[in-house]
Amino acid sequence: MEPLDDHDLKPILSTWKAPDAPEDLQRRVFGPPQRSWWAWLFTGAIRVPVPACAAIMLLLAWLAFARQPAEIPVAAPSPEQQTVVTLADFHPHAEIQVKVVGALP
Amino acid sequence: MTRAEVEQAFAAHKDAVYRFAWRMAPDAADDIAQDVFLRLLRGQIEFDATRGSLRSFLLGVARNLALQHLRSNARWDSIDEEQFVASPISMDGLDIREIVGRAVRALPPLQRDVFVLAEYEEMSLEEIARAVDANVGTVKARLHRARVNLRGMLAPVLGNQVRLKADTTMGTKRVG
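Protein chains in written order, with my numbering: chain A, 1 to 105; chain B, 1 to 176.
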């Protein structure tokens, strides 16, 4: 078995280039990249079952309703406590005498 | 291997594994490359550093997966590899790269894998022997037959090599 002389074959073979690995191969092997917790606060999402979500909403609604301050009733004055003001006995002065106290410079 | 070690292996060898898979089975290259590293990550395959380099090991795994794929898709003819007769590839309207690609992919799988590993991944005979789980003599024989067959298939191109060289230096690679 004689070794083939490849000097004429090699340049032709080298024209056949294969592509590099695609970008998404890493995600396919290792899954999506892990994010820090603070990034999750801005972009994260959680799944909540509908019954749990409904229960939470009802609880929040009940808490909001229960914490409202009750109205304080304003007591109406009793008839005995009522005072009647009348000007029937009012007599204005007929003559006003002005008296200056103290000396002027 | 730890996850960090697998990530290092992935960064270093993903392109070699993908290129090899693409040359062996282009329609399944993504799946084969993914499967090689997933198996490593899940501990389904164990790398033994005393038995060769990590690169040869990963290419060997990729090779086995590619052969499995070819078998399952009935693209591995029952024809005896020894009896494979290479006929010249038609060059009508084909780019020189396409002609070479067709010729290499027309090789029987057991010739194709050793040829791709030797020619394109530049592995030594010993490394190829470990990767394909055969002895060096068998690898040499397959490699020789692969080259003889390629010469037969690429005869029209080799005949026009002077013209091809002129074309490639001018930027036109179309033959026909």
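In case anyone wonders, no lab produced these hints; they're calculated from the structure. Take these hints with a grain of salt, some might be off.
Stated by the list, open to error - In silico SDA-like links for lysine to any residue, alpha-carbon gap of 25 Å or less:
#1 A/K17 <-> B/D31
#2 A/K10 <-> B/D31
#3 A/K17 <-> B/S124
#4 A/K10 <-> B/A155
#5 B/K140 <-> B/D92
#6 A/K17 <-> B/T2
#7 A/K17 <-> B/D92
#8 A/K99 <-> B/D92
#9 A/K17 <-> B/G137
#10 B/K140 <-> A/L13
#11 A/K10 <-> B/A118
#12 A/K17 <-> B/A4
#13 A/K99 <-> B/L110
#14 A/K10 <-> B/D92
#15 A/K99 <-> B/A155
Please read all numbers here as calculations on a predicted model, not as lab measurements.
Hint check:
1. Only pairs whose Cα atoms come within 25 Å are accepted, and A/K17 paired with B/D31 is accepted, the gap being roughly 20 Å.
2. A hinted pair counts as satisfied when its Cα atoms are at most 25 Å apart, and A/K10 with B/D31 does not qualify at roughly 30 Å.
3. Between A/K17 and B/S124 the alpha-carbon distance is near 20 Å, which keeps this suggested pair within the 25 Å criterion.
4. A C-alpha spacing of about 13 Å is found between A/K10 and B/A155, which places the hinted pair at or below 25 Å, so the restraint holds.
5. Restraint check: the Cα-Cα separation between B/K140 and B/D92 comes to about 33 Å, which exceeds 25 Å; the hinted pair is violated.
6. A hinted pair counts as satisfied when its Cα atoms are at most 25 Å apart, and A/K17 with B/T2 does not qualify at roughly 33 Å.
7. For the proposed pair A/K17 and B/D92, the alpha carbon gap of about 20 Å is at most 25 Å, so the pair holds.
8. A hinted pair counts as satisfied when its Cα atoms are at most 25 Å apart, and A/K99 with B/D92 does not qualify at roughly 134 Å.
9. Proposed proximity of A/K17 and B/G137 is contradicted: the alpha carbons are some 28 Å apart, above 25 Å.
10. The suggested pairing of B/K140 with A/L13 holds, with an alpha-carbon distance near 19 Å, which does not exceed 25 Å.
11. Simply put, A/K10 and B/A118 have alpha-carbon atoms about 12 Å apart, close enough for the 25 Å limit, and the pair holds.
12. With a C-alpha separation of about 30 Å, the suggested pair A/K17 and B/A4 falls outside the 25 Å cut-off, and the hint is violated.
13. Using a Cα cut-off of 25 Å, the hinted pair A/K99 and B/L110 is violated, with the two alpha carbons roughly 135 Å apart.
14. Using a Cα cut-off of 25 Å, the hinted pair A/K10 and B/D92 holds, with the two alpha carbons roughly 22 Å apart.
15. As the CA atoms of A/K99 and B/A155 are separated by approximately 142 Å, the hinted pair breaks the 25 Å bound.
In summary, the numbered hints that this structure violates are 2, 5, 6, 8, 9, 12, 13, 15.
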